[in-house]
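> So the chains spell out like this:
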Amino acid sequence: AQSVAQPEDQVNVAEGNPLTVKCTYSVSGNPYLFWYVQYPNRGLQFLLKYITGDNLVKGSYGFEAEFNKSQTSFHLKKPSALVSDSALYFCAVRDDSGTYKYIFGTGTRLKVLA
Amino acid sequence: EAQVTQNPRYLITVTGKKLTVTCSQNMNHEYMSWYRQDPGLGLRQIYYSMNVEVTDKGDVPEGYKVSRKEKRNFPLILESPSPNQTSLYFCASSQQGSEDYGYTFGSGTRLTVV
Numbered sequence: 050a051q052s053v054a055q056p057e058d059q060v061n062v063a064e065g066n067p068l069t070v071k072c073t074y075s076v077s078g079n080p081y082l083f084w085y086v087q088y089p090n091r092g093l094q095f096l097l098k099y100i101t102g103d104n105l106v107k108g109s110y111g112f113e114a115e116f117n118k119s120q121t122s123f124h125l126k127k128p129s130a131l132v133s134d135s136a137l138y139f140c141a142v143r144d145d146s147g148t149y150k151y152i153f154g155t156g157t158r159l160k161v162l163a
Numbered sequence: 151e152a153q154v155t156q157n158p159r160y161l162i163t164v165t166g167k168k169l170t171v172t173c174s175q176n177m178n179h180e181y182m183s184w185y186r187q188d189p190g191l192g193l194r195q196i197y198y199s200m201n202v203e204v205t206d207k208g209d210v211p212e213g214y215k216v217s218r219k220e221k222r223n224f225p226l227i228l229e230s231p232s233p234n235q236t237s238l239y240f241c242a243s244s245q246q247g248s249e250d251y252g253y254t255f256g257s258g259t260r261l262t263v264v
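Residue numbers (this note's numbering), protein chains in the order written: chain C, 50 to 163; chain S, 151 to 264.
Extracted from the complex, chain S is given alone in its bound form:
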């Protein structure tokens, strides 16, 4: 089944403790992206990657890092989480080109930073 897999689904952590949210897709998509969803703000892009070793900042990159060493994986790293990073996070992938089929989203990671 074609899918984007995020782990963990739920995470509670303390301020300053480094964490990684994993994302993996099995569709050989070139483009991957991380979003955070907050009430009243919709989805805001954190980082995106157009291919292996090619990443760029989205609209709200502060406090986050990403890497794209393999095509299928795009982990999101919070080096020193803070309470304002409490949010619902989504990883998504898509196949770019002349036909844009839109994103396939993961099921989300609900992060609470206390």
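Looking at chain C on its own, in the form it has when it is part of the complex:
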């Protein structure tokens, strides 16, 4: 069965420092991996995806994510955090079985401190 784990409920980082938000997954076939961001009182917004190709994926707002097949991880990263990056981040996975069923993680709240 598919599953996604976001082991940290909250991540605190100082403005200007690099940030990492962790995600691990489990699927039976090839994974389709996504990161979404949710700002207060808003719906989720697509940040980036990994389907195939380079393990380092670049997305919106300067975010990137690294796909690691051996560790079944897809961690979200940013070289220099901004206060405006403070939000709730969700990792999601879909397998390639054709069901188009997505599984979301429980979310990680990122707090960037000025």
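These aren't lab readings, by the way, just hints derived from the structure by calculation.
All C-beta atoms in this analysis are idealised placements derived from N, C-alpha and C, irrespective of residue type, glycine included.
Watch out, some of these pointers could steer you wrong.
[Claimed, not checked] Example chain S residues on the side facing chain C (calculated, C-beta under 8 Å, incomplete):
1) L161
2) V164
3) Y181
4) G190
5) L191
6) G192
7) G252
8) Y253
9) F255
10) S257
11) G258
Fit chain S to the given chain C structure using the hints.
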């Protein structure tokens, strides 16, 4: 502008009073889905639809109904709401195929059942 529109944004209702949350997308997407978001549980899929007249249960379908009579609309129906259905609801759509661009989410509907 490409978007998913949900209405209403906020709704307070009483136990047992039937309600419908509407969802409409203007991107000609085939796939639509309803999620509920609860603290500590992330997003859980209620129902999804892969095309007109094709719907299926997600992970938490009990107490909900959906219909997909037109491609653009995917209403969520609560025939007899109960307090445990108090939650934040999101409708989402996506274009399936070899290139998965992920979901476009609506802004959410905060439902309170008293």
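> Hints the structure violates: just list their numbers, smallest first.
Result: hints 1 and 2 break, sorted rising.
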